[in-house]
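Please arrange chain V on chain L, whose structure you already have, making use of the hints.
Chains as they are written, first to last, in the working numbering: chain L, 2 to 112; chain V, 176 to 291.
Hints listed in this document are in silico derivations from the structure and should not be mistaken for laboratory results.
Treat the hints with caution; some may be incorrect.
[As the list claims (entries may be wrong)] Partial selection, computed: residues in chain L whose CB lies under 10 Å from chain V:
(1) Glu4
(2) Val5
(3) Asn109
Predicted model only: the values in this text are computed from it and were never measured.
All C-beta atoms, glycine included, are put in the ideal place defined by N, C-alpha and C.
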Amino acid sequence: RKEVEQDPGPFNVPEGATVAFNCTYSNSASQSFFWYRQDCRKEPKLLMSVYSSGNEDGRFTAQLNRASQYISLLIRDSKLSDSATYLCVVISPYNFNKFYFGSGTKLNVKP
Amino acid sequence: EAQVTQNPRYLITVTGKKLTVTCSQNMNHEYMSWYRQDPGLGLRQIYYSMNVEVTDKGDVPEGYKVSRKEKRNFPLILESPSPNQTSLYFCASSDRLAGVNGNEQFFGPGTRLTVL
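So that you can see chain L by itself, here it is in the shape it has in the complex:
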């Protein structure tokens, strides 16, 4: 079973829409989670960390649901510039140097 799984999409939404992605992880002992953004086969860049209490950064909100073992990313008021692939990342609970990336969820924001 994969450590991290994501719906590949694509999610096609109009500008201004609210969209949410989920990412499930297999190891219930996992403690550290992140969302990265990747534009068209360029390098991934950190979007935000995911804290137990949830966190918000402008239009972006990340949440953790430990009971169901998933993290979510909510994007409000989508912009054209939000079009990208969003990668979920989980750190191994046994080795903090090992990172597991999901295969990504593609978002297309259309005018």
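Relative to the frame of chain L, chain V by itself:
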């Protein structure tokens, strides 16, 4: 400018011809890592290094070697490349224990490798 650089950016080679992809960072980071990215599989960790002369295997180390003789450099070596190593490769660096401290991993621009 803080950055991670990789060379070459694109490489087409033939099976069995040894190659090295270089990775260098100017942020004095202890931690460096190599990933490969394939369609539908996401990024998979090949090797990582916690500091100079300290390296360890990731999830897909077969067919690769690394070395960490200097803090800033972390080359990826393919001794005998095969077609199944055709992929997009990323090098990354971060502060030590980035995973537990929530520190960002900074990625290089990627190296697109094709092995014929």
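Cross-check of the supplied hints:
1. Glu4: holds, 9 Å
2. Val5: holds, 8 Å
3. Asn109: Asn109(L) check fails; min Cβ-Cβ to chain V is 17 Å, beyond 10 Å.
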